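Chain by chain, the residues:
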Amino acid sequence: MAVDSADSVKSVKAVTDRKYKYGFTTDIEADLAPVGLNEEIIHFISQKKGEPSWLLDWRLQAYRLWITLKEPHHWARLTYPPINYQGYSYYAAPRQSSDAPKSLDEVDPKLLETYNKLGIPLEEQAILSGVQAGLQGNAIAVDAVFDSVSVATTYKKNLDAMGVIFCSISEAVHQYPELVQRYLGSVVPYTDNFFATLNSAVFTDGSFVYVPQGLHCPMELSTYFRINEKNTGQFERTLIIADKNASVSYLEGCTAPQRDENQLHAAVVELVALDGAEIKYSTVQNWYPGDEEGRGGIYNFVTKRGACRGRNSRISWTQVETGSAITWKYPSCILQGDQSTGEFYSVAITNHYQQADTGTKMIHIGRNTKSRIISKGIAAGHSNSTYRGLVRVLPRAEGARNYTQCDSLLIGDRCGAHTVPYIEARHPSIRVEHEATTGKISDEQIFYCKQRCLSHEEAVALIVNGFCREVMQNLPMEFAVEAQKLIGISLEGSVG
Amino acid sequence: MTCIEIRDLHACIDGRPILKGVTLSLSVGEVHAIMGPNGAGKSTLSHLIAGRPGYEVTSGTIRYDGRDLLAMTPEERACTGIFLAFQYPVEIPGVSTATFLKTAVNAQRRFRGKTEIDAMQFSKLIKEKAEKLGMNNDMLRRSLNVGFSGGEKKRNEILQMAMLEPRFAMLDETDSGLDIDSLKIVASGVNALRSAERAFLVITHYQRLLEYIVPDYVHVLAEGRIVCSGNKELALELEAGGYAPFTTHACHAS
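Just so you know, the sequences run in chain order A and B. Using the numbering used here, read the first sequence as starting at 1 and increasing by one per residue. Using the numbering used here, read the second sequence as starting at 497 and increasing by one per residue.
Since the hints were made in silico from the structure, they are not lab data. Be careful, since some hints might not be right.
[To be verified] Below, simulated PhoX-like cross-link-like pairs (lysine-lysine); rule was C-alpha separation at most 25 angstroms, straight line: (1) A:244 with A:157; (2) A:485 with B:728; (3) B:680 with B:728; (4) B:680 with A:485; (5) B:623 with B:598; (6) A:440 with A:370.
[Stated by the list, open to error] To give an idea of the interface, some chain B residues facing chain A are shown, with a C-beta separation under 10 angstroms as derived from the structure: (7) 521; (8) 566; (9) 570.
Treat the numbers as computed from the prediction; the structure is a model and nothing was measured. Even for Gly, the Cβ is constructed at its ideal location relative to N, Cα and C.
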């Protein structure tokens, strides 16, 4: 790596790094699959993981379908050059790490250091150790995914003792094959869409959670995704199952080094909530967004979907999207069970040349199902932020209700905010509400804040945080503080 | 000790002259009132001192504790102790008064090289000061100025002043839209802050406010200039005779 060139280069880098503080790379030897994608690569991945043949077959089916599919370009409000899918390596793993996560003592210290630098503690604290950094913080169990593999999962023993399964999906394939086989692809089938199909063919790791009947998982579970290697794609697969009357809160965080090339991230997340179960899924997405000229950054094409299979089940998505050059993401709920509830709370911030096309789908199938959508889009610089959402009420969904609120905030006059709601209602008894606003930060607000000692950037961060409050208050406390700071950082240099 | 010294200040908005030679000097420990008809330039003067963009100073100077005020950014002016209680305070949805003030107080402390105030300490302090202004906890938790009545907004401005402890405080028609009870509360809030270390500039249309905040000096601003200065008696004279005499010929008050 060209770190030791001229001093001026270093100082320039220091300045740019300040804005994206997770832009460093970890110098660690990696096992890489050869660049490109074909059936051999899929055999290679499956072999590396020692997978059973049903899974290899599933991957191959997906791959064979995928090569016949076209990338969806026609409907999202996104423009980017064609992606060369043969230009990526589809497997990267830190060397010496076998696929199965080891105990923490055996994890490469360089990796532990990386996560430390990212502020993700992989050391297990005594569970009852109370106050940390001024917060009444409960311990959080973390699954750390580095490039294509899970490198560590913390608090496994404590969770095991309660009957909660929390491990990497690779491990789950071996340890709990019947659960994986029953639920994998049951919410997002491999035929679902171009990126989900690609993911099904090449996914390498991700997290697996199963919460048994009647249990409220007492810890926050989280996965922290890190892309490190150059020219790799990250294709993780997460599967969370809450059995009858179980509940779990799950957090997801992501960062990547600062690179000039665009890296590809195409994840699939599937949630299954049975009768009376509740899943709360929160994301703070901070992939590298590219520089001020729009060079580099992650292409983030993600399929996230939850199935409220049981009566009175509930799935709640909360996302704070600040990173990525391109975000294409619609965390959705299939409200199958009667009286089930789906929620989507979203903050999407774009700056410079970032583009986000994000929203949700609420599919009302069961009777008296409810959904609530609160979306806050903030666009600055030359960026574009689009809310795209579908509320579909099927004929059986008597008494279904939806409330949607989409607010957009523009900073400056070169950005765009767009709201594209689709509503399909096929039952006369339902109630669907949609409210949308678009506003700007006014000069009066900025002057008022400056008269109260705030700098321009502090003023913008404060006003934007206020604008997002309804969404932010749904984040677990530990995340909310970070997310608030992140909003300020994302908007640096976005003088209106 | 002189706090603010304005000399022959001329300023325009969109090329239109508003201030046409204002000269005014305030020392710490003093309360000055500026009165005058609508459109005289009273609010312009206070906003210009606070650093609002959109004004062009064509000539003249403002010294603030010996510094060139016009060279300072709005936030520098605020951090060094210039405060403006707005006539129309803006709304900031989703940001509570308490959060807003904590952010402001900490920004000021950082500027002055002090450590940030801790949450418990802040909460105690703001409750204490709010109580004196008849503001309850609920008001501190509500979004800043959103859905506040006129009286609540003005009290909130005074609360902010009390928290930021300015060196030079300007009140821009703080009495407008206030009923008599709110007026008394606001005035006593201001009086409690009068000190030998602080100067006040009270802008008002009416003499009524000055019954409660008794000024040391009264100035009449008309047609972009201070046309007359006097003591508090001048306000009474204005109340009786209106501004007309001051806009047409010279002032006879002492």
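Here is what the structure says about each hint:
Among the hinted pairs, residue 244 of chain A with residue 157 of chain A is consistent with the structure: their alpha-carbon atoms are about 23 angstroms apart, no more than 25 angstroms. Using a Cα cut-off of 25 angstroms, the hinted pair residue 485 of chain A and residue 728 of chain B is violated, with the two alpha carbons roughly 50 angstroms apart. Distance hint between residue 680 of chain B and residue 728 of chain B is fulfilled; the C-alpha atoms sit about 18 angstroms from each other, no more than 25 angstroms. Between residue 680 of chain B and residue 485 of chain A, the direct Cα distance comes to roughly 41 angstroms. Violation of the 25 angstroms bound is thereby established for this hinted pair.
About 12 angstroms separates the Cα atoms of residue 623 of chain B and residue 598 of chain B, which keeps this hinted pair within 25 angstroms; it holds. Restraint check for residue 440 of chain A and residue 370 of chain A: not satisfied, since their Cα atoms lie roughly 31 angstroms apart, outside the 25 angstroms limit. At a threshold of 10 angstroms, the smallest CB-CB gap from residue 521 of chain B to chain A is about 23 angstroms, leaving the interface hint violated. Evaluation of the residue 566 of chain B hint against chain A yields a violated restraint, the C-beta minimum of about 15 angstroms exceeding 10 angstroms.
Checking residue 570 of chain B against chain A: minimum C-beta separation of about 4 angstroms stays under 10 angstroms; hint holds.
The earlier numbered hints that this structure contradicts are 2, 4, 6, 7, 8.
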